[in-house]
Amino acid sequence: MGIKFSSEATGTAIPTFTSTSSPELDEALERFRNELFIPLALPKRQRKSVFREKYATQLQNEPITVKISETEEFTLTPKTRHDLPSKKDALEVLKMMVAAKNFSNLFPYLSALRMSNYAINSDRWEYIIRKTSDAGKLSTIIECARQSQRTGLSLGNKNIARRLFFELHRTAAKPNSAGNPAVKALRLAREAASLMDAPEHSVEDIQDDPKHQPFVIGTLLELSAVCAQMNEADIDLVRGYAQKLDAAWSRGNFKDDAATSFETIERLEENLAIYNGMRLAVGLPKAAQDTGSFKTRCNELRDVLISQLQKVKNANVLGDKVAKKLLRPKPEQKAEENA
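Residue numbers (the UniProt record's numbering): 1 to 339.
Check each hint, because a few of them may be wrong.
Quick list of in silico lysine-lysine cross-link-like pairs, DSS-like style, CA-CA up to 30 angstroms [claimed, not checked]:
| # | residue 1 | residue 2 |
| --- | --- | --- |
| 1 | Lys-313 | Lys-95 |
| 2 | Lys-295 | Lys-184 |
| 3 | Lys-174 | Lys-184 |
| 4 | Lys-174 | Lys-95 |
| 5 | Lys-313 | Lys-101 |
| 6 | Lys-311 | Lys-324 |
| 7 | Lys-321 | Lys-131 |
| 8 | Lys-87 | Lys-54 |
| 9 | Lys-324 | Lys-255 |
| 10 | Lys-313 | Lys-325 |
| 11 | Lys-137 | Lys-313 |
| 12 | Lys-184 | Lys-244 |
| 13 | Lys-101 | Lys-321 |
| 14 | Lys-174 | Lys-313 |
| 15 | Lys-137 | Lys-244 |
| 16 | Lys-311 | Lys-158 |
If you're looking for bench data, these hints aren't it; they were derived computationally from the structure.
Given only the sequences and the hints, what does the whole structure look like? Please build it.
Structural data, given as C-alpha cells:
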C-alpha cells in the first residue's frame, strides 16, 4: 500500500546529508534520519500510525510505504518514543563531526534536531562555535544564525555572542589560512552584526543586548583596523566603530574584580579584542580624531588584562596572540606596541 505525501504540506523539511570521510559519521546521520527525523516529519495521520500502540499490529501486518520525495520512499514501522535516538546520542553525532572535522552536514542536522524538539543549549552552542572555528568553518555558524528559526541559534544570547566574536578575533590572527584571515573575519563579523538587528537576535534592554556591548563593537573595530592597515578596509569604517565603542564604553566591565576564574576568562574573551582594537586605531592617523580617549583607556585596560591573564590557565586565552604580547616582559612589550 503506497501513500504519497509532500513534506512541504506539513511545513517540515526532511534533511538530506552528504557523504563524509567518516563511515561512522555517515552511519550515525543515516540512523538519525531514518529513526528520528523522517518519522517526526511525517504528516499527523502517518505519525499516529507509527507511534500509537493501537496501530502497531495493523502496521506490522500491512506495512505502509510513503513517498517522501520524488525519488525516495519510506516504509512505516511501529515505534515508541523510547525507540528514538536519545539526546545523548545526538550530542555524540556532533562529537563525530568534530573528530572528522566535517561540518558540511551541521546546518541540516541542527535544523532537524530542532524540528524534533531536541534543544541545543547555550553551552553546547559555544562548543559547536569553538570547534567550527578550529576547523575554519565559522561561516556555517553565520548560516545557522541567519536561519535562526530553523536552528534555534540566537546571537541575542550574550554567552553565544561572546564566543562567536572571540573566535572571530582569533580567526584574524590564524597563520597559514586560505586567503586573508583578517578580511574573512571582518566579513563574517559584519554579517553577524547585521543579523543581530533582526528581532530573533535582539534583546529588549539595551544594557543586555550583545550588539550594544563593547566586546562586539570592539571586535569590529579591531578587525576593521587590521584590514585598514593592509588597505583592505576603508578608514571610515574604523572611525565609525571607534565612535560606537566610545558611546558604548559605559556598558562594558573592565575591572579586575571577577569572583571566579571562569568569570575572569569571560572578561578576557570580551576585552582582549577591545584593547587591541583601540591600540590599532590609535596608530591610524586618519582615525586619530575619533580615538581621543583610547590611549588612556588602553593603558588602564592593559594593566587589568595582564593581571587577569596571570590568574588563568585557559589554553585558548593564554594562546591568544594579543594575550601573548601582553605577557611579554615590559620593555619588549612597549617596544612591540610602539612599533
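Here is how each hint holds up against the structure:
A C-alpha spacing of about 24 angstroms is found between Lys-313 and Lys-95, which places the hinted pair at or below 30 angstroms, so the restraint holds. In summary, the hint linking Lys-295 to Lys-184 is supported, as the alpha carbons are separated by about 28 angstroms, within the 30 angstroms threshold. Of the pairs offered as hints, the one joining Lys-174 and Lys-184 holds, with about 11 angstroms between alpha carbons and a cut-off of 30 angstroms not exceeded. A threshold of 30 angstroms between alpha carbons decides the hint, and for Lys-174 with Lys-95 the separation of about 23 angstroms falls inside it, so the pair holds.
For the hint linking Lys-313 to Lys-101, the alpha-carbon distance of about 26 angstroms falls within 30 angstroms, and the restraint holds. Of the supplied pair hints, the one linking Lys-311 and Lys-324 holds, its CA atoms being roughly 14 angstroms apart against a limit of 30 angstroms. Distance restraint check for Lys-321 and Lys-131: the Cα-Cα separation of roughly 19 angstroms lies within the 30 angstroms cut-off, and the hinted pair is therefore satisfied. Simply put, Lys-87 and Lys-54 have alpha-carbon atoms about 27 angstroms apart, close enough for the 30 angstroms limit, and the pair holds.
Restraint check: the Cα-Cα separation between Lys-324 and Lys-255 comes to about 20 angstroms, which is no more than 30 angstroms; the hinted pair holds. Distance restraint check for Lys-313 and Lys-325: the Cα-Cα separation of roughly 16 angstroms lies within the 30 angstroms cut-off, and the hinted pair is therefore satisfied. The straight-line distance between the Cα atoms of Lys-137 and Lys-313 is roughly 26 angstroms, inside the 30 angstroms bound, and the hint therefore holds. A C-alpha spacing of about 22 angstroms is found between Lys-184 and Lys-244, which places the hinted pair at or below 30 angstroms, so the restraint holds.
At most 30 angstroms may separate the alpha-carbon atoms for a hinted pair to count; Lys-101 and Lys-321 meet this at roughly 24 angstroms. Annotation: proposed proximity of Lys-174 to Lys-313 holds, straight-line Cα distance about 21 angstroms (limit 30 angstroms). Proposed proximity of Lys-137 and Lys-244 is supported: the alpha carbons are some 28 angstroms apart, at most 30 angstroms. Using a Cα cut-off of 30 angstroms, the hinted pair Lys-311 and Lys-158 holds, with the two alpha carbons roughly 23 angstroms apart.
Taken one by one, the earlier hints all hold for this structure without exception.
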